[in-house]
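Each chain, letter by letter, is given below.
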Amino acid sequence: MSNVPSELKYVASHEWIRDEGEGVVTIGITDHAQELLGDVVFIELPEVGVEIAAGDETGVVESVKAASDVYAPLSGKVIAVNEDLEEAPELVNSDPYGDGWFFQIKLSDAEELDDLLDADTYSEQCEAE
Amino acid sequence: MEETLLHTPLYDLHIELGARMVPFAGYEMPVQYPAGVRKEHLHTREAAGLFDVSHMGQLFMSGPQAGADIERLVPVDIIDLPQGKQRYAMFTNENGGILDDLMVTRMEDGYYLVVNAACKNEDIAHLRANLSPDTQLDILEDRALIALQGPRAAEVLARLQPAVADMVFMDNRALPIEGIDCFVSRSGYTGEDGYEISVPASEAEALTRTLLAQPEVEPIGLGARDSLRLEAGLCLYGHDIDTDTTPAEASLIWAVSPARRTGGVRQGGFPGADILLEQIDNKSATRKRVGLIGEGRAPVREGTELFNSEGKLVGKVTSGTFGPSAEQSVAMAYVSSDVSALDTQIFAEVRGKRLPMKVSRMPFVAQRYYRG
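Note that the protein sequences, when read in sequence, are chains A and B. Quick note: the first sequence uses the UniProt record's numbering, first residue 1, plus one each step. Quick note: the second sequence uses the UniProt record's numbering, first residue 1, plus one each step.
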């Protein structure tokens, strides 16, 4: 069973969202997602400063098997990306909710937070897959 | 259409070991075990990996003309192959294209062939259509094939059968292991030292369990087999070579025996000889299989288009991944001969970006075959 921390929010495309307060969120991919992907070998992230909209393709995770798109779960401006992933993409496998985070955005519409899934709902969805 | 997938004699063991099974060439095969592709790959390079390759076709040809019959279908010297020796070969078509690549071994009483799973039915039909009346072709359906690969493979197998230690790369011997009659060849598809072991299907699981019980040995799936062979610069049929690529275009001229080349003692005499020998003699192939190393870490996968510095399309990737041991993005590609020189910079178009890569020597990881 994969790990789904209860303090985080989720979207069906397997990204997690941590509300850092003041309209800032951190985003990554879930433990379930990294298990499905297998060993991650490369990650392409958005550039700091770009505006993204919920549902946009904002990056790519390449594993030994295939490339998978990363979707923006929320709309806003990218204010930070995890540069460690460039040299150490395996952090996504070893610590998906910690050192394997992807990027941070400053939300343009905080109400979108209400549309996110909680841990229980996301877990149920994973089990149903 | 529902496809019925075949099982190898090790199917139940794969399930027991927790493998993830996928369809491959009509068989249900382990793509990875719980350790995962990267760890399996690195384990094979560091210790010893065990692979089920029983889906491959094992054939036996006997009769006084068997060697000559094979020789008429490949640009390789089969007639003078010494007993107990194995040679890499390819069946060519009338255009010099490659119908399949294979291993041919001269045994005491005939020739033992290992062909690709996806091609085996066509290969058998092709052989049958070209046999002399007194040549017999047997399909060894009652044998499994397992590979033990890696720097500790020799030490492990010698524990069970000391005679394997004396074998060198491309030797093949009929030897008992744990009382089981096997054909043991010192070869493989990883670039490492190691063995391929043909074993009666009924004994395959017992032998595999014995090998897996050795502390150095872990089971390895098709995922790692692919990244290992790619780092070793070895072609995958249907991807890096096929009916549209000649051995000259595929940079496999090393496998075309001197005896079968222009001026050789048995020059030509295989399908497509005129085309292939002309390409070799005049260096006239207009495209070539080359190795590529990415300047960045992004994997550049099969089908990716390649461009020169002026933006002109110059080729296509046929295999590519991030090499776990090479620690670089590595690929094989066909490119126009004018950009095939070592260190030429070309650009791979990945998700709309042109990523710089360099034409590079293969293998990407040093081969460690045991040559005595």
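Note that these hints are calculated values from the structure, not bench results. Accuracy of the hints is not assured; some may be wrong.
[Claimed, not checked] Below, computed lysine-lysine pairings styled on DSS-like, alpha-carbon distance capped at 30 Å: (1) Lys316/B x Lys358/B; (2) Lys39/B x Lys283/B; (3) Lys353/B x Lys106/A; (4) Lys353/B x Lys77/A; (5) Lys283/B x Lys312/B; (6) Lys65/A x Lys283/B; (7) Lys106/A x Lys77/A; (8) Lys353/B x Lys65/A; (9) Lys358/B x Lys283/B; (10) Lys312/B x Lys353/B; (11) Lys316/B x Lys353/B; (12) Lys65/A x Lys39/B; (13) Lys65/A x Lys85/B; (14) Lys316/B x Lys283/B; (15) Lys358/B x Lys312/B.
Checked hints:
1. Lys316/B x Lys358/B: Holds - the C-alpha atoms of Lys358/B and Lys316/B are around 14 Å apart, at most 30 Å.
2. Lys39/B x Lys283/B: Between Lys39/B and Lys283/B the Cα gap is close to 41 Å, so the pair fails against 30 Å, i.e. violated.
3. Lys353/B x Lys106/A: holds, 27 Å
4. Lys353/B x Lys77/A: holds, 23 Å
5. Lys283/B x Lys312/B: OK: Lys283/B and Lys312/B at ~23 Å, within 30 Å.
6. Lys65/A x Lys283/B: violated, 37 Å
7. Lys106/A x Lys77/A: holds, 5 Å
8. Lys353/B x Lys65/A: holds, 21 Å
9. Lys358/B x Lys283/B: holds, 22 Å
10. Lys312/B x Lys353/B: Holds: Lys312/B and Lys353/B sit about 15 Å apart, inside 30 Å.
11. Lys316/B x Lys353/B: It holds: about 15 Å lies between the C-alpha atoms, which stays within 30 Å.
12. Lys65/A x Lys39/B: Holds. Lys65/A to Lys39/B sits at ~14 Å (cutoff 30 Å).
13. Lys65/A x Lys85/B: violated, 36 Å
14. Lys316/B x Lys283/B: Answer holds: Lys316/B to Lys283/B is near 21 Å, not above 30 Å.
15. Lys358/B x Lys312/B: Measuring from Cα to Cα gives roughly 16 Å; hence the hint holds.
Hint check: violations occur at hints 2, 6 and 13; the rest are consistent with the structure.
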